[in-house]
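This is what each chain is made of:
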Amino acid sequence: MAYSKRGLHIASPSYIVALLYLLTNLVLYFIPETKFSRPVITFAVFLTDVVAISLAIYFTQGMQTDFYLIYFLIIFIASVGQNIRGSIFIAIVASVLYGWLLVRSNPGISILDSAILIRVPFLFIVSLISIYWATTMRRQLKSKQELEEFAHKLEDKVARITAKETELRRYSETVINSVASGVIAVKGDGTITTVNPEAARVLGTTQDNLVDRKIGTVQGLDTLWQKMKKAIDNNKPFERLQVSITNAEDKLVPLGLSVSPMTSSDARFTGCVAILRDLSEVKALEQKLKHAERLSYLGKMASWVAHEIRNPLTAIDGFSQLLTHTSDKEKMKTFSTEIHKGTMRINHIIEDILTFARTKTQVKSGAVNLSKLMKEITANISGAKIFMKGDEDRIVTGEDESLKSLFLNIIHNSIDAMDKDPKLVIEFRESNKWVVTEFTDNGKGISKDDLKNLFTPFFTTKSRGTGLGLAIVKKIVDDHNGKLEIDSEEGKGTTCRVFLPKARKS
Amino acid sequence: MTTYQPMKNLVNEGERMKKRILVCDDEESIRLLLNESLQDTYEVVEAANGRDALRLATKEHFDLIIMDIKMPSVHGLEAIERIRQRSDNIPIVICSAYRAMEDDIIVKTSNVAAFLVKPIDIKALKAKIFELIGD
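Chains as they are written, first to last, in this note's numbering: chain A, 1 to 506; chain B, 507 to 641.
The shape of chain A in the complex, shown without the other chains (with noise of 0.2 Å):
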């Protein structure tokens, strides 16, 4: 009996069957996941199946019934959907239900009966082919997952990776272009690979107009290429260095310059980078300040003058008045001589301003010999006892008239400093680059607040001084490129070294 002849009624056990087979598996489709893990309830709902067909095939009393090929159904869908524990386990349960229900409706039937042997192993056989199936196409699926996976990944790290050498790359620019100084970095053959903004500016031109051109066909430039190309060649950097260039607007641009090469392992990136300092606005604030300084000293000396010159001026004035009112043959003679004193004071002071105010270009240098110079100038000092020592001859560069008011400002100050035994020692010495000439009174020495102002002009202790002989001697000293020490001791005195440069042997 294939089928039931009377077909599927109502209230037919095969439509209980059905109903229950199909609340069953909506009860079981709607246990919430969190409760059993999906394949448990998978695995449970597969069992149901098993039992109700089943239970189908004992309600239909046929062991001939169609219902029998559900069973393969089944096993080959929870095969594809369970691992082999799983699917195995149904096609037990399957197998263990149908030799239960062909025992019992062919009672006496044999093992070895063509319905059990070859029925119930296919449900096995099914099961297996099935489950080789599954897992082959699930590994191929999981391994074209995997595939597309990484895929995934790599695109997504060559983005990343891709985004951050961009960030990379404008950050380093952003820096580049952020520096105040302007950067300009050359391969070694001399072309600009880097131009930032300031550096655009100070040379008087655009970054696009600079980068990939030779450094040294741009206007201006081929001073700064000479100390690059320098730079690496001798792979050592340059720093500080002060040059003018003139840029492509014809502006004159006073740079500070720093030059370092660079060296890498990959030859595309060995050359040299500079860094350049716009000195135009610090140039015009020293000018500023220079100026400023000159009119300080411009109103200290006209106060200076003013009071310097009138005392003299006063005596001149006065007894020429006097002199019109004596008759008496001495006091014309005293009074004559007052007035020549007092010409000869302005005169002095005159001296002292036209050298103070003499500029280093007039300087006109040759070989002085020292200590020849020296004894002509003693020659016609008294007022102290002067020693000399290591007379022998000392020549250094410079210009004789210059260093004679050099000295005879230093003797001269001695020689007011010192009250009783006035003693002079000078003592030439000599090193590799300079002629040292020192100068030890036993004078009443300086005093620390003294030695602050010791080289400011108009500044003086003295009731008859300038104010201008140490500015002088300062001056002439640095004029000569020489060095100047003071060291004094209140009361016991004073010690000034002269150091002026060698003359080199021709």
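Hints are supplied without guarantee of correctness; some may be wrong.
Claimed, not checked - Per the computed footprint, the stretches of chain B lying under chain A, defined by three or more beta-carbons under 8 Å from a beta-carbon of chain A, are:
#1 530-537
#2 620-626
As the list claims (entries may be wrong) - Pulled from the structure, derived: some chain B residues nowhere near chain A, Cβ distances all over 10 Å:
#3 LEU540
#4 GLU542
#5 VAL599
#6 ASP610
#7 ILE611
Source of the hints: derived by calculation from the structure; they are not laboratory data. Bear in mind the structure is a predicted one, so any value in this text is a computation, not a measurement. Don't be surprised by glycine CBs; every beta carbon is placed ideally from N, CA and C.
Since the structure of chain A is already known, use the hints to place chain B on it.
The following block gives chain B in isolation, referenced to the frame of chain A:
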């Protein structure tokens, strides 16, 4: 002869009665000039710096002081202030080569009779002194 005697005494007494002026200046020429200009009418005493001037002004009597400002040891203005602490009424004439603004302030507070800027006119100086103390 006898009539001359008292006359001579009178002259001597007149010489003794000469008013005394203290001249304080660090420039020797200026001291000499002032001395030569004034010695006919007044007895002139010289001081080369402020310290000497102070010492003399404390010890002796003077009718007038002529003072320079820029001087070593004690500065002229300091000397004037210290003299003023002792004697309020002695006329002081400043005779300086340069008149700075800060000098003015002290001149005002120290009751200085006159401020003459060098080069001075001898006649004007004499007239000023005569106006202040007579002869």
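Cross-check of the supplied hints:
no.	hint	result
1	530-537	holds (count 4)
2	620-626	holds (count 4)
3	LEU540	violated, 8 Å
4	GLU542	violated, 6 Å
5	VAL599	holds, 14 Å
6	ASP610	holds, 14 Å
7	ILE611	holds, 17 Å
Hint compliance for this structure: hints 3, 4 are broken, all remaining hints hold.
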